[in-house]
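S.K.: If you want the building blocks of each chain, they are given just below.
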Amino acid sequence: MTTPKIKKHLRILLFSAAGMFGFGFALVPLYDVFCDITGLNGKDYSRTESSTLTSTVDESRTVKVEFVTYLNKQLPWQFKPEIKSIELHPGERYQVSFVASNQSDQDTFGRAVPSISPGYGAQYLVKTECFCFQEQMLAANEEAMMPLIFYIDPNIPADISTLTLAYTLFKNEPTEVAMR
Amino acid sequence: MSEIELKDNADQPILDVPAIKTFTDHHSAPHGYKRWLFSTNHKDIGSLYLWFSLTMFFIGGAMAMIIRAELFQPGLQLIEPNFFNQMTTSHGLIMVFGAVMPAFVGLANWMLPLMIGAPDMALPRMNNWSFWILPFAFSLLLLSLFTEGGGPNFGWTFYPPLSTQFSPDSTAMFVFSVHLMGISSIMGAINVIVTILNMRAPGMTLMKMPMFVWTWLITAFLLIAVMPVLAGAVTMILTDKYFGTSFFDAAGGGDPVLFQHIFWFFGHPEVYIMILPSFGIISAIIPTFARKQLFGYHSMVYATASIAILSFTVWAHHMFTVGLPLAAELFFMYCTMLISVPTGVKIFNWVSTLWRGSITFEVPMLFSLAFIVLFTIGGFSGLMLAITPADFQYHDTYFVVAHFHYVLVTGAVFSIMAAAYYWLPKWTGYMFNENLGKWHFWCSLISVNILFFPMHFLGLAGMPRRIPDYALQFADINKIVSIGGFMFGLSQLIFVAVVIMAVRGGKKAPAKPWEGAEGLEWTVPSPAPYHTFDTPPEVK
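Chains as they are written, first to last, in my numbering: chain A, 1 to 180; chain B, 1 to 540.
Check each hint, because a few of them may be wrong.
Said to hold, decoys possible - Once the Cα atoms are required to be at most 30 Å apart in a straight line, the calculated DSSO-like pairs of lysine-lysine come out as:
id, chain 1, residue 1, chain 2, residue 2
1, B, LYS540, A, LYS5
2, B, LYS540, A, LYS8
3, B, LYS208, A, LYS5
4, B, LYS540, A, LYS7
5, B, LYS34, B, LYS508
6, A, LYS8, B, LYS208
7, A, LYS7, B, LYS208
8, A, LYS7, B, LYS34
9, B, LYS512, B, LYS208
Don't read these hints as lab results, they were simulated from the structure.
Only chain A is shown next, with the shape it has when bound in the complex (with noise of 0.2 Å):
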């Protein structure tokens, strides 16, 4: 009963079936391409090398920037920001430091993604210098100072009078490449 008919729907179907297996994993990439390009999912696509840095700092308006910190508890760090928020002109460079100190033994690797909200705000806030480029390491109960720099970019909406910008800290082994 096997007609070469059915054999080749058979083929094209299960061929299809694979596709879409495989469709499910290109998913993955397609996803951070599709936040990337529209800037959604508040995910920071740090935009280091600043072609606007010339930019003058608009004085008429100010945008609160809000920090905020999580820890993965694997993680036995403590890490804080040293000011809450801070007021800023767009335009207008800024240091801020974030204390993190290893509460354990032991040297340990961590890595901070960041995630800023309003997540179409997210492209108006340029870092020129981040903790965040790199993972980071503390030595057995060490304490150290992760500076962040940045400004933001004038040409950010109007609507938005404040952004924050929260890192999550997560244990990275130390063979690990990171990733990002």
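Add chain B to chain A, keeping to what the hints say.
M.R.: This is chain B only, laid out in the frame that chain A set:
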């Protein structure tokens, strides 16, 4: 459908076998357990699927009884919260993948070849395989409940990090069982498509196919499109948990929200996989007992196809509260509401079919009429959930539980019951006990509404889903819901009694037991002989 004329095939030698009790007395049928284990016969495999589905319906139902017993009163009485979570998770997985989907595949196996005049499914050995994978899949899932640390407890949607960082050690068993279920469904779907495209009787063009065949064809395409995506999602959970990848782990650059996108890209078409075949069943039964042709056959076909296509554009309405941008919230809200248009077309077509029909109320018709009313209630609560701002209140409450149980229990399950009563005489050769069938219907109808309707109020009042304990103000309604639940559970035992009695004997059923029925399946004797349509009938 009335233009279909059937070639008289009563002269086939196979039909001369006198008074067939089972199919085994045909010379080529194997006997004993080998008949079932090695069967490539679409009727045997269909029966296996249906019995398997009924078993799973009762196992999943027993879990629901445990859930409702714990929720009978506030406070923790009977079970540990972790076990409660395993019950909600397993109940969902078993009912979706073990009860509803295999029931539809069973109906497809039994009825599709009979409806299109084919001697069997196109790929009979693959058919055998796709059934026999299922017992292994569900044994794996059920055994995981007995491992140290328990079975899956992260909800049937297995969101990370619940299913990765915080899941029990048995998660690998869950993952592999979902893999097996997926392989089984994909093979079943391929078989359906190949059969429908290649094995139709001469003269049966696509637009002459019964609606059940059409809805299954479209469902099968949905299955092939989304089951592999589910397989991908569980694979990523597996590697995230055991092999150090970071698809959904923010520490490694992943994103847990990505999981929800992938899961619901599968999950939303999945809900249509569980309802489109129901639409086909109802479209077969309503015209039979209204003694009129189905109103708007063409629009039914196009509506089914539109629902299937739109189902790929609405997935994010399950995740309105994750922090989507406004544009996405609006897009998914409007697309979701758009689906109610083709669904409404179907409802209106059924009602128009009933209009001025000579209606009689046999058991399959009772279930179908209940389906139309109660499924529509589920559809309306779905529309309420589609409104993004309202969904922020309803999200993860019992309102959602009420909604999807109306579409899945009084929708999908009621249609499966209707189908079972409708075709039972064709399968067994005996009329079932109508009186008991009516008892089953009325007990189910009353109890299912006591069970699920008050859940709407619980949800609107703010009771969250998936919790073993709740605030005191929800106590009275939960008690009512639990009583409805026990009643509904017990009522299903009547169904088992009716089926077993009809298998064992009763009034002989004629080839066409329902006066108004049309279609090729009623041209073969009851019970349908082991081999049918060895020479294809001609459809004009």
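S.K.: Now tell me if each hint is right for this structure.
M.R.: Checked hints:
For the given pair, B:LYS540 sits about 24 Å from A:LYS5 by alpha-carbon distance, which is consistent with the 30 Å threshold. Restraint check for B:LYS540 and A:LYS8: satisfied, since their Cα atoms lie roughly 28 Å apart, inside the 30 Å limit. With a C-alpha separation of about 22 Å, the suggested pair B:LYS208 and A:LYS5 falls inside the 30 Å cut-off, and the hint holds. Our distance criterion of 30 Å between C-alpha atoms is met by B:LYS540 and A:LYS7, whose separation comes to about 28 Å.
Distance hint between B:LYS34 and B:LYS508 is fulfilled; the C-alpha atoms sit about 28 Å from each other, no more than 30 Å. For the proposed pair A:LYS8 and B:LYS208, the alpha carbon gap of about 24 Å is at most 30 Å, so the pair holds. A hinted pair counts as satisfied when its Cα atoms are at most 30 Å apart, and A:LYS7 with B:LYS208 qualifies at roughly 25 Å. Pair hint A:LYS7 plus B:LYS34 holds up; C-alpha atoms about 27 Å apart against a cutoff of 30 Å.
A hinted pair counts as satisfied when its Cα atoms are at most 30 Å apart, and B:LYS512 with B:LYS208 qualifies at roughly 20 Å.
Figure legend: structure checked against the earlier numbered hints; every hint is met.
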